[in-house]
Structure formats: C-alpha cells, structure tokens
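Novice: Protein chains in written order, with this note's numbering: chain A, 21 to 381; chain B, 21 to 381; chain C, 21 to 381; chain D, 21 to 381.
The hints are simulated quantities; they were obtained by calculation from the structure and are not laboratory data. Please note that a few of the clues may not be correct.
Any copy, or any two copies together, can satisfy a pair, since identical chains are not distinguished.
[Unchecked claim] The calculated EDC-like cross-link candidates involving lysine to aspartate or glutamate, where the alpha carbons are at most 20 Å apart (straight line), are:
hint, residue 1, residue 2
1, 24, 154
2, 24, 157
3, 24, 153
4, 24, 194
5, 24, 152
As the structure is a prediction and not an experimental result, all values here were calculated from the model.
There are 4 protein chains.
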Amino acid sequence: MTKKSRFLQTPVEPFAVEAGLTAEQILSRMERISFQGRNLAVAHRVWLKMLESDVTIFLGMAGALSAGGLRMVVAHLIAKRYVDCLVSTGANLYPDLNETCGQHHFLGSPHAVDAALAEDHIDRVYDTYADEEEFIDNDNWIATFAASLDSRPYTSREFLYRLGGHLWEATGRDGILTAAYRAAVPIFCPAIADSSIGMGLSQARQKRAGAGQIDIIGDIVESANLIIRRPRTASVVLGGGTPKNFINQASVQAEFYSPEVGGHKYALQIVTDVPHFGGASGSSLEEAQSWGKLATDAARASVQADATIALPILASALEMSARTILARRQMPLFSMEERTMTIDGHTVPSDRFEDLNEPAV
Amino acid sequence: MTKKSRFLQTPVEPFAVEAGLTAEQILSRMERISFQGRNLAVAHRVWLKMLESDVTIFLGMAGALSAGGLRMVVAHLIAKRYVDCLVSTGANLYPDLNETCGQHHFLGSPHAVDAALAEDHIDRVYDTYADEEEFIDNDNWIATFAASLDSRPYTSREFLYRLGGHLWEATGRDGILTAAYRAAVPIFCPAIADSSIGMGLSQARQKRAGAGQIDIIGDIVESANLIIRRPRTASVVLGGGTPKNFINQASVQAEFYSPEVGGHKYALQIVTDVPHFGGASGSSLEEAQSWGKLATDAARASVQADATIALPILASALEMSARTILARRQMPLFSMEERTMTIDGHTVPSDRFEDLNEPAV
Amino acid sequence: MTKKSRFLQTPVEPFAVEAGLTAEQILSRMERISFQGRNLAVAHRVWLKMLESDVTIFLGMAGALSAGGLRMVVAHLIAKRYVDCLVSTGANLYPDLNETCGQHHFLGSPHAVDAALAEDHIDRVYDTYADEEEFIDNDNWIATFAASLDSRPYTSREFLYRLGGHLWEATGRDGILTAAYRAAVPIFCPAIADSSIGMGLSQARQKRAGAGQIDIIGDIVESANLIIRRPRTASVVLGGGTPKNFINQASVQAEFYSPEVGGHKYALQIVTDVPHFGGASGSSLEEAQSWGKLATDAARASVQADATIALPILASALEMSARTILARRQMPLFSMEERTMTIDGHTVPSDRFEDLNEPAV
Amino acid sequence: MTKKSRFLQTPVEPFAVEAGLTAEQILSRMERISFQGRNLAVAHRVWLKMLESDVTIFLGMAGALSAGGLRMVVAHLIAKRYVDCLVSTGANLYPDLNETCGQHHFLGSPHAVDAALAEDHIDRVYDTYADEEEFIDNDNWIATFAASLDSRPYTSREFLYRLGGHLWEATGRDGILTAAYRAAVPIFCPAIADSSIGMGLSQARQKRAGAGQIDIIGDIVESANLIIRRPRTASVVLGGGTPKNFINQASVQAEFYSPEVGGHKYALQIVTDVPHFGGASGSSLEEAQSWGKLATDAARASVQADATIALPILASALEMSARTILARRQMPLFSMEERTMTIDGHTVPSDRFEDLNEPAV
C-alpha cells in the first residue's frame, strides 16, 4: 500500500482554467478543489441526487434575493420543477409581485447618502434602490384583492396561490408567484406578517371589516401533512431565516404522526451566516441531524456564499446536467383549486394532522 | 489652531486596565477606543438617552438567546421597564416557557457527534443541548391551553399575554413570558408559525376543531396603532430576524395613517450579520433611514457582536447608570385584560388602523 | 422625464438561466443583479480595464489557496500575464512547491477528529489534508538549496526566482514558482519568515553557518522602485493578509520619492473578512483611498466571497473575454538573472530608493 | 438516575443582572451561559490556568488594536507578566511608537468621505483617523535610529528591543515597545517588512548604505530555541494573522530538534475570522491539534469576538482574579542586552537550532 493513512484517499486536483468553460464544467472541476468551491460543486451533485430520487423538494428562500435579481432563477426552478414547494419570506414575494406588475428595482451604491435617498423616497437594500411611490399602488392592489376574498382565514399557502392566479390574470407575466400558480407549486410564507404583503393584508381591513385573515397555524398543519402523505423529502435553503426552520419543523412535526418520516433525505444550504452565535440561520446541517430534521445518513452540502453568486452558477449548471433526469422525474402533483389542497390526489388538510392509520382519502 | 483638519477632534484614549472595574466603568473607558468596543459604549449611551426621552422602546429578539442563557436578562429588562414592548421569535419564547416550567438546557459542545445526540434524543443548538423528551409535556401543555381559549383568532400579542398569565399561575416563576405578563408589557411574535409554540398551537387542533387561530395580520395593525397613539419610539434589536423588520415596519405602517410618526428616534442593534449580502438582519441603521424606518437625525449605535457577550455587559452597566433615570421614567402604560389592548388609556385595535383625525378614545 | 429621482437610473435585470452558459456569459448577466453577484461581474470588468490600460498589475495572494486547489489558476494568470508581479504568503508557495515536486494534498472533512489525524501525522487545513511526512524531504530540499547560495542576504524576490529556477530544472513541472520563473514574473514574500519556506531557510543554518539570509527590507525598496520606474499600477488581491498591505505600501513608499505615483489606478479584491473590526484584510477599497494607496478616481471592485468560488469563474471568464486584449497588452518586462532586477531595461535596486531626478539607468 | 443521557450534565444557568458587577463577576456568570459569552468566560479560566502552570506564554497580536485603543492593555499585560513574549504585526507596533512619542489617533466615522480625508492627508482605519503628517517625523526617527546601528543583520526581536530602549530613553513614556523593553519581554515581528516600521527601516538605506538589515530567518531560529530551552508553552492570540502562525510554527520547528516539545499546553484565541475559507487566521484550535501545534489534551478557548470588546473585559477580570497567582508565578527570565538573548540564563542563538543532547550553556 502506498498511502500511509486511511485519511489520504482522493488528491486535490488543481482547477485548470480553459476558455469557454460552462457552469457545469466549472462545477465539475471544482469537485476536486477545497473550501467553498468544493462545497458548491457538492451542492450541485446533491441537487442532482434529489432530482433522481423520489423525494419532495422544498426550497427555502430568505434575504433580499428577489429585489437582488434572482426572482427569475427561482421562477425557473419552480416552472421546471427543480423544486416542488417554496417556503419564502414576504420580503422575497413582494418585490416579485412588483416587478411582475412592471415596476423595477435599480442598481445603486452601498455608499449612498441615505438622508438624500430618504428625501427622494428611495428605499435602499444594500446596493439596490426601490422607489417607494412606485409601489404604493401595489399595496393597495393587494389590499383590494384581499378584501375581495371570503370572510374566513386562508392559510398563507392558499392566499398566495390565489394571489398568484390573480396576478397571472392581471399581467400574464412570469415571476415567482405566477410561475408557482401555473405550475401548481405551493408557496408557504410563515412570517407573512413581517413583510409588505402582510402590510397590504392589514390594509384590507380598512376596506372591509374582518378582511385579511391568514391562518399561519394552518400552514404548519398543511406543511406537515404534505410530508405525512409523502414522507421522503429534501431541503434546499437559500439564506436561512424562517423558511429554513419552517421546512425542518414540517418534518419534525410530521414525524409525531408518522413513523415513516425520518428527516429530510437530502439537504443543501447556501448561507452567509455562521454557526458560532447559535442562530438557526447559520446552523450547520450536522446540528440539524441531532434534531432529526435531517436523516443521519443524508447526503448534504453547505455552501458559505452569497446566493447571488452561487445560485446563478448552480442553476445554470443544473439546466445542463439535470436535463435527462428532469425529463423522467417523478414529482408530486398538487391541486390547489379547492380550499383544501391535494398531493397526488390525497387531501392535505389544514385543520388537523393526518393519522397514518386511517385509510388514505 | 493646532489641528490641521476638521476631522481630527477627539483623540483615541487607550483603555486603562484596573482591578475591580464594573461594567459601567468598562463601557465608559471604551467610549474613547475604536471599532466594536466603542460601538458597545455608544450603545450604552444611546440606551440611556432612550430612557431619558419620552419614547416607547421596542426590543427585538432573534437567535437562540433564551436557550443560550439570556432569558433572565430579557425578563429583567422587561420587569424594570428598560423596554416597553417585546418583539420576539418563537424560538426565544419556547425555551423560556420550558425553563419557567422547570426544565433545563445543558452545556454542550459544538464538536459533538450529532448522530450520537440524535440517538439520545438530544437537540443541539451550537454548544447547548436540549432534551427532546423533557419538552414533550410542554408542547401538550401549550396545545391544551390553546384549546381552552375561545374559538376566535387571537393576535400573537393577546395569545402570549394570556399564555404568560397561565404560566405565572401554574409556576409562579420568573421568565420572559411571566415578567411580560406581570409588567403588562406586550409581546409580539410575528413568525409564531415558525416555532415550537406554533407547533403546540397546531396540535391544539387535534384536541378541538378550530382551535389555535392566530391573527398575525392583527398584530400588524396593533403594533402600528401603538405607534399612531404614541408616535415617539425607539428600537433595540438583538440579532436581526423577523423582530428587527417587524419593529421597523410598524413605524412605516403607522406613518401611512399619521404624519406625526417619522421613524424611530433612537436605534440600537447588536448583530452578527453583515450588510454585504443584502439581508435585513445585517442591514445597517443608515439603510433604515432611507426607508424612513429611522429618523435621519436619530441617535444610533450598531454593535457587531454576539449578544451573549454584549448584552450581559450592557444590561449590567445600565443597572448602575440608569438607576435614577429609570426612577423618573415616563413610560407607556398598557392594559391587556380585555381583547383590545390599551396604551395610556387609549384603545389599540387590531381590526383597523386608527385615524388621527378621529377623536382619541 | 419619467424617473422621479436621479438615483434611479439602471434597472435590475433578473438573471435568466439558460443551458450551456459559459463563465463569461454568467458574469455578463450578473452585471445587472445585486450584492456580491454584481460585484463579481464588476470585478471582471475592472480586470479587463487593467489589461487594457498600460499598468503594472500586482496580484496579492493570502489564505490557503494553493493547498486548496487554485495554484494552477494562479500559475495560469502568471504565465499568460494577466498579472505582472505576485505578492504571496509563504503558505501559498510551499504547497505549490510540494505539488510541483509530485506530492499531493487530499480531500478531507472539516469534521475530522483531529487527534486521530495527529496520530497519523496528517495536517488539516479546514477540509483538506496534507501528509507531514511526504513533505519532510522538501523541507530539506529547500534547506540544501538555500545552503548552496552565496553567503549574502537575498531579497525574498531574488531567492524565490532562483528557487523557481532550481525547481523547474529539477521537475520540469508547472506551478506558481516555476511559471513565475519561466515568465520572469517577480514574486515577493514579505512574511516569508512565517511559513514552511522560512522554516526550510532556517534549517539551512544547520547545514552551513550564515546560510538562509533574506533581506525583506530590500523587498520594500525593490517593490517601491518598481513603481517609481513605472508609476501606473493596479492591484488584484485575493484574501487580504500581508500581500494586500505590501502592495499598497509599495505605492505609498514610492510616492515619497516620486510625485508621479498617485496610488493604484485600478483595484479589485476578493475577500472574506469584513471592515467592522478594523483589520487591514477586511478593509474597504474606499478606506485605501484615504491613505492614497488607491487613486480617488480608481475603478474598483470588492467581492465578499471565497476565492475558491470566485477565482475559477473570474479566470475562466477572462480566458474568453480578455483574449484579444491580452494579445496586444503592453506589459512590463523583467529581467532577474542578475542580483539586481530590471524592469523594461531599468534597474530596480534593493539597496536604495531611486530618485526620479537622477537620469534613468 | 435522573439524567437520561450522558450528554446532559451541567444546566445552563441564565445570566442574572445586578448593579455593580465587576468584569470578573460578569465572566464568572457567563461560564454557565452559551455561545461566545461562554467562550469568553472559558478564555478567562484558561488564561488563569496558563498563569498557574509553569509555561512560557506567547501573545500574538494582529489587526489594528494599537491604533484602536488597546495598546495600554497590551503594555499592561507585558509589564505585569501576564505574557512572556509578544509576536506582533508591525501595524500594531508603529502606532504604539507614535503615541508613545506623543502623537494621537482620533475618533472618526466608518461612513466618512474618503476623498475628503485624502485631501486632508487623514488616513482612516475603519472608524479611526490618523494624521499622515504627524507621523512623518517618526518615520525619519526610525530611519535615523536604524542607520545608527551596526552594519549587520538584526533579528526583529533584537531590533525591537533596542528600538524600545531608545524610545524609553527619548520619551520615558509607557507603551508596548517601552513596556517590553523595561520588562525584558521579547517582541518578534516576523512580517516587519509589511509595515511602517519596515518602511522606516528601508529609508535608513538612504541615510547609510547597508543599513536596515533584519534577519527574520534568525527570528525563526530564536523563537524555536526559546521553546527548545523551555518546552512548556501557551498561546494567546488576538486576531490571527502572521503572529498566530508564527507562534505555532515555533513549536513545530522546536519539536524537530527536541522530543520534549509537544505543542502548546494551553491556547486561547480571540478571532473574528471563521474557519470555512481555509485561512490560518480563522482556523480552529482543533485544526491546530492535527498539526501538533497544540497538544491534543490542551485546555483551550476560542472566542469569536472583536478584541476591542473581549480584551478589555478579559484583562480587567484577570487584574482581579489573577492577583495572587501572578504574585507567585514562575515566569521565564530573559536577558537581551547582548546580541544573543538568554532565557533563564541559557543562550537562545539565532544562528543555529539548539541540540538537546548538547549540554545546556
């Protein structure tokens, strides 16, 4: 034996530059380097495995990725069913709605004088600007739509599906909300109260008493029932936040009612937070295993990088590498026309957890 | 003039070590050093200014600070009215409830083998362990309590007030929830669906159909009405997350209905995230000014530090430095016995925004 | 005019995924998104401008990039003259030497049990392993080579050039040291004492009294004289550390002796540190302008990312986009055969700063 | 047995706020909380253990701590022998020299307009300003001093000792350099070429041919010989950089020549970098064990915090808690009057590594 230690198996192979390398080729060469470059390459490999396995793939999305130019990447991932269910912050859905309505965000500078921006009613998101006034009509548009709904609580999932449909009818334009509507991919927004979509909902109450009711506890029930019905799952997380935990919580909650659920089978996260301060956003995938959020033998990859770098590369590579896998992929089929959604024909109630011992509906 | 430039005003004064220095003395000496040490000292000064001014002080709390040993610091800040309203993640309220019930978290290691922990049903939060089984009774306790409430939506604020009261009756022990109940300090939890408290609420539906309804859109209305009623506010944020944005959003939402509201007058944040990736958690206080979340002349301090270091020092220093200020402080008085809360005798509805032109109730 | 504010000029254009996108195409689409994705695209654009302008391009390299699989990217940047002068830590040159000699680094895990690795004499660099024993011969090889040199101080630049030549003769293999030797690109290593190359040099003293003398103060003089002779410069920095400051210091030092020097004309950095703690590694390019390290009108880009992700993409894109620019590039020509190096035929002494008023040699 | 798992031993004990708490009392209460607060408390405990054991304590110092107001803390740690040997960047020694000469740094803003600062010749270090012109005399003062030395290489250690002595004679003021001179504590500066002290040295060559020679390879030999002579060591690191590695390298190099050396027995680091990118500054203490830099059973603590917060607290606490330990401490005694330094009466040559089999001098 030439190797003196079991630890020395696969040599690092220095990255070789070449003209015309595609995203897929770059990631392929990154598999044998180190640090976050390698992690990004492993993330690509793990996502391919997810697509090949018969799992429901959750995508979690926090940060300001929509305003920051990634909304059409996410819409693309939804439309082509690289993912099956989106869990998002409102701060990613509201800018999506605005751009689908034809407004814009603008390139700006992190060194801007904010008092000058405030005077012009420009809102800054690091190096990106939004025009407050351009959006006021949309707040009202959300409020009006919310006021037009039935006088009953809607899960965020149901509300966002109907909002996406309304938006598609009004604009016929692509975006996250409209893509999800058209592909019948559910969107959960557990912290919808903490966003401009929530603000629009709250303003519905000025239009009609009792309007704007969101049953976010029903979202917990629905998301867990999705997993009870289809226990093999995977998690793709961009940026931590409430979506990261909500996706994990759904699995933990489902396991209370179904022994078949044993944590996500695959997990991939692109994060900028670190574990050292104890927050969930930066927590490691290994830590998630102690909780049973993730199976202890789960294939996983954690990439410490800004999603605005990592996701375009990853999605571009997948578009090449996943082509044939995607064509034969066995994905869950949702119907959301009725108040109670279904997955593969089975109901997914929001008013009580399914009991596996009951016969499936 | 000896100084050649207007930029050179106050010299750095090296920190001088001495035996027996108190937290207050240490912060006082840090005012003339640099970097985050100076920022922590400025934060102390800004908090004192908040207490001296006639402002409603919001405290935002994300991360795993309760499990991590800061829950009694927060309870203390509430009980002694260093703050007037708490906005928290569920992940800080649930461990508080557990410890108030007599369970514990445990010192652990970030290098633990998570598969071994999983086998023992130990959940890891970086370097801290929790016993899953110890908490199962509490989940059920929350579910039972939720099922005992009226069949109507509760704002998270109302629910948490009643939960705090129930907990105080059951245990008579101090903690965040019980301190807030006893001091009549409102707690908002906009992302309650993303936490074990939400899971407990969802389980209430197995006990009683229609139980566990939380009106988080009502929380938006209530929080904005608080500011419409009392427009001078301040913000203290620990760790970003949904609380940070919710506190800012309340001010922005209130400004729609009242020209007297012009952003928080003071702001202080202790964060570990950075602005470079565009997320709200790490966003600068200057960026908040472009949005009008913060007045452009607001006194402010942003400390890049783990709250488990910064907060104990800050709170210990304030306990000395704020003594007389606190004694004469003019703080808002809340009543939460009824479904609709009041502030200083004025109602704070959750079903519609107050219009300033109407006569105050 | 439709835009209400001068701040709103260029809309964000969401990244559009497509199969087969090359690195250049990806970066081109990233120019209109936000955060670090945009910064990476701007970095590409800035590097192209450097190549088009008549500037001497310094490349600074810290971190563990060589062991981590980027040494052939750097060798490529040197061989094709994307850069003109390398400033490196020893920790990047030593692994380069080892791999050029035929040894390897290995893919490992950040979760390894380090005591087990220690037992097997495996050194860990985050997720990468090195075999201590494989390298012992190379330490001795460096020591023997150093002991064979003249009994006088060598600048790190001269020593590394001769080491590169010796290595090329011995192996005929590509790498950073050998590429720099063959392309006559100088390498400075100001902190050579803090590395295994320094350890090899120190061991030369056991072989021959007085061996292993490095004149790092001479490196300061040489690097400044390079800029005095050719005052238009640019800086590309990977990871901060001593190289970042050394490149800036050379410009500041040169300005003492030549009014033509006015800071780098272009600057680009790929860093993972942040500015908030005051260290030079994470310092902003704007801060560098206050020092005169960087011209106040310099085109610049700062990317917050791991170089193992950012550099392969950037270098792959440049290989396409810079093709014609590179072919006609006016780059400085060095000769290092003699003890005193020359640039474009002018001497670059290490024993005294050049005075511009003297006639050029 | 009440505890169901061996993992559950010591409960978290929430931090209790109290008026008048001293630094020592605060750290004592932090021992039972989590995250970086606990780590800071453990660091205090580890430092006390170092002082109680018969070890040589190395202090590494990077970043901009001197300019940032910590130079008198470090001077104090040296004068009272909390540490025995300083390894520093030049960027910490040069500002120390300037302030000892009576110049100042100034409180500034990270949001300054750097072009305006550049116009006034103000150098910015994050939120701290320095007046370029105030320092020009000191550069010349260093150059003049260096030109007055013998025409031979000096280790950075010898040079800095003589510089400290010259500074003490000239000013009679306290500071790092003067405290180290007076306490006969050696200072190594392995990257002296990357600093304004190096620039001063380089300018000495304009005054006298052949002046300003620093034998940094001799520093490697000296530092290893220190450990060969006194093999029990400990490491306290502030901020990573070259000092962190140099201190570890000294132990590794010493072990080549002496089987008694087995890595540092204690280690403590206060860092802001993270391990994920592979750089040495952020590397974990566990990783150091794989290299043998740290004994596998070493007591250790790693604190993720800005030193401007952590060090004042730590040093203030030690001033109380270490009082009696310090009084009876067995520390190494250095003499640096001659060219070759001694430790406890044994020579520490810079021209060859000591062989343990030879009789000690």
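Novice: Now tell me, hint by hint, if it's right for this structure.
Specialist: Hint by hint, here is what the structure shows:
no.: 1; hint: 24 - 154; result: between (66 Å within a copy, 10 Å between copies)
no.: 2; hint: 24 - 157; result: between (69 Å within a copy, 16 Å between copies)
no.: 3; hint: 24 - 153; result: between (67 Å within a copy, 10 Å between copies)
no.: 4; hint: 24 - 194; result: neither (57 Å within a copy, 26 Å between copies)
no.: 5; hint: 24 - 152; result: between (64 Å within a copy, 11 Å between copies)
The structure is inconsistent with hint 4 alone, although it conforms to all the rest.
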